[in-house]
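Generate coordinates for the entire structure from the input sequences, incorporating the hints supplied.
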Amino acid sequence: MLSRFIRRAPESFLDREQIQAVRAGRRSFLAGAMAAAAGTMATQQALAQGGNDPAIMNLPAHSKGLGQPVAASGYGQPSEWEKNLQRRQSPGLTRVPQSSVSFAPLQGLFGIITPSGLHFERHHQGWWDIDPSKHRLMINGSDETMLKRPAVFSMDELMRLPSTSRMHFIECGANTGMEWGNVAVPTVQYTHGMLSCSEFTGVPLRTLLEMCGADLKRAKFVLAEGADGSGMTRTIPMSMVLDGQVLVAYGQNGEMLRPENGYPLRLVVPGVQGVSWVKYLRRIELGDMPYATKDESIHYVDLLPDGTHRQYTSIQEVKSVITSPSGGQVLLEKGFHTLTGLAWSGRGKVKRVDVSADGGKNWKPARLEGPVLSKCLTRFNADFVWDGKPAFFQSRAVDETGQIQPTYAELRKVRASRSIYHNNAIQSWALTENGEVGNVQLS
Amino acid sequence: MFSYLKSALVLAGFCFVGAASAAGPAEKFPGIGRAATPAEVRAWDIDVRPDFKGLPKGQGSVRQGEVVWEAQCASCHGTFGESSEIFTPIVGGTSAEDMRAGRVASLLPGANQPQRTTLMKVATLSTLWDYINRAMPWNAPKSLSADEVYAVTAYILNLGNIVPAEFTLSDANIREVQERLPNRKGMTTTHAMWPGRELGGSARPDVQGSSCVRDCKKDVAVKSVLPDYARNAHGQLAEQSRLVGASRGADTSRPSPASLTSKVPPAHAVQAQAAPEKIASKGPTGATGTSAVMPLLQKNACIACHGMDNKIVGPSFREIASKYKDHADALNYLSGKIKAGGQGVWGNIPMPPQALSEADSNRLAQWLVKDF
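First to last, the protein sequences are chains A and B. In my numbering, each residue carries its 1-based index in the first sequence increased by 337. In my numbering, each residue carries its 1-based index in the second sequence increased by 642.
These aren't lab readings, by the way, just hints derived from the structure by calculation.
Below, simulated BS3-like cross-link-like pairs (lysine-lysine); rule was C-alpha separation at most 27 Å, straight line:
id : chain 1 : residue 1 : chain 2 : residue 2
1  : A       : Lys701    : A       : Lys750
2  : A       : Lys471    : B       : Lys784
3  : A       : Lys726    : A       : Lys671
4  : B       : Lys865    : A       : Lys701
5  : B       : Lys965    : B       : Lys953
6  : A       : Lys701    : A       : Lys726
7  : A       : Lys554    : B       : Lys695
8  : A       : Lys701    : B       : Lys860
9  : B       : Lys967    : B       : Lys979
10 : B       : Lys981    : B       : Lys965
11 : A       : Lys726    : B       : Lys859
12 : A       : Lys701    : A       : Lys671
13 : A       : Lys471    : B       : Lys670
14 : B       : Lys965    : B       : Lys979
15 : B       : Lys953    : B       : Lys981
16 : A       : Lys726    : B       : Lys865
17 : B       : Lys827    : A       : Lys557
18 : B       : Lys979    : B       : Lys1012
19 : B       : Lys670    : A       : Lys485
20 : B       : Lys695    : A       : Lys557
Far from chain B, by Cβ distances over 12 Å, these chain A residues were calculated:
id : residue
21 : Gly387
22 : Gly388
23 : Ile393
24 : Pro397
25 : Gly413
26 : Gln414
27 : Ile450
28 : Thr501
29 : Glu597
30 : Lys686
Just so you know, even glycine gets a beta-carbon here, dropped at the ideal spot from N, CA and C.
Structure (structure tokens):
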């Protein structure tokens, strides 16, 4: 009876491929942008003539038809209109895609949590989707006295232990590394996109060490090792294990870790650079000396002007960036705008963020939006009324230890410009009269 | 009855946990974790420390290393470890004087050294051995025997003139060779970026910004901008920003506003960026045929050396496809070539023979000829 009143959706008459083709056509950028521009223009013309907005006057299909059913997609996806926000590679940065980086689209993110599918990636020898029933975590000592009972844990067992959930940022030590010497990339995605923030769920490593009878006085260092081909290894600071900060984590933003982020198990080392958050974690070893692994003696060493390299640099120091307006964006209108951005510190909470619209001559405090958590991204906002004149936007963060984010001049004075790692300088964006924003470095 | 049972259970549980706590943390979580067997620990505990703890007994000569190198390493790293095509070079930039001093002079500012090589940086020989042992060859890690790892390490050291051509590296003499590493004194841990004081670092950061808020500087000059030729190097930015909100992505197919390029940085200071492929180009798994063979390409590590549309070590699959698709015998030729490897058709970097079944090589050849 009811079927008499329900018209068959046109999709029923198209096969799967044709539907794809239609969708692809509708989604193509130019078509979308032109349609949007045409819509805006029609509205403006109508309003200018004292008329009414056709977007209001002409009821759209979604107001007059039947929408889609529940569970149309078993795992929901972002709107078709959001396809532009993707994690992307920087062309020419690396030469093989399995040893490479994809950057998170910070220019389009709100709040402090990074959607798991947009989390930045850094792989050294490709990523894997590991069968969790076959994954093991081994804990042993560099000798018999470090640990009474070398042990093996399955995922089933680890997930029975009391867990904790905490929100933390993760930043690659090489984030902003391309910009040490000069402007090299156009947008905040590429300048700062090796940065993400999630809620992680797992077990404090200390709990597992105690279960194994670890000698936490003799053991001064922890080695974490991954199960993937690169066998990633890093020396982890014992002080952070002892105070319960370091987690053996399986959860990320309410679900299991994504394969690209270490499914089924990774280490969480809050405030410390991403390489130490070993993915596909298979082994923890306790020892009495640091390990000088490949990623702390050949890679991830910071070159100083005197020709020495800093080894075991770990803490991500206080840093911030305005994510919008930012490089590669064009402001549509004059008038009121919000400067919005992210601030973080590997040493604790963000205490204050100042913003400047004149290239650092004068600063005013930004609003810190809650929550403000330790070793977590903090969202800041500031009001800005654009009068159509050029401006230079900057942000400067201060953390609870009193460390203040430096300018490029302040940073290079000490570390010169060949360090590759740990560039936490103040970022500048130039707003031009036509509304376009570009990446610049200022005196 | 019910309440009696319940309190008995609670009591039993309490006693159990209480007793366990006294016995130690392991019993606090009964039934979780088991003892690792000595064989299991041996199988996974492969790390080698700077004091060479963990180093297995064994030996390998420079000559033996050369054989392994040519077969399994040279295609990425170059015959002499000098190649920068895939990874940063391993060998170069060190001198006999560096070996005496333990510091590499070409790391100093102004040295005419284009790239930092592995031998310029590495301060501990254990690191090099451990690196090769755990992560190399890049597409088949943990496949070398301990003796082969010694041999490859010896070969690299010989390329860097650290050991002579007749040298055999072993667990007995590796400490002596450590004392010849060019950058063995080149590392410092006296910084504030390690939490804790056990490395001799400081608590005070080396860089501090300014807290000035008013009239902090007189002039603002633009020191560096993105040059116009790099404007579109990351693709069409209009397609990388949201379609709703305060802004849109800039249309980078059109020139920059003059005010964004008014400051032209010195050409040498600008990182050269490869021209991007068209943003809308088909992704690597765009074709149905490609997604069908992707597991095969991954399993055999083909994609470590061949890109879909770009040259990596070897030619792109697209180049191969377009070169051979009209040849009458393309299927047989490519299937044979995949299995046998070769050198010279696409340049000097050899393709090693591939151990895959005839059916699989046929399938890949079919894909190249028919599906591209």
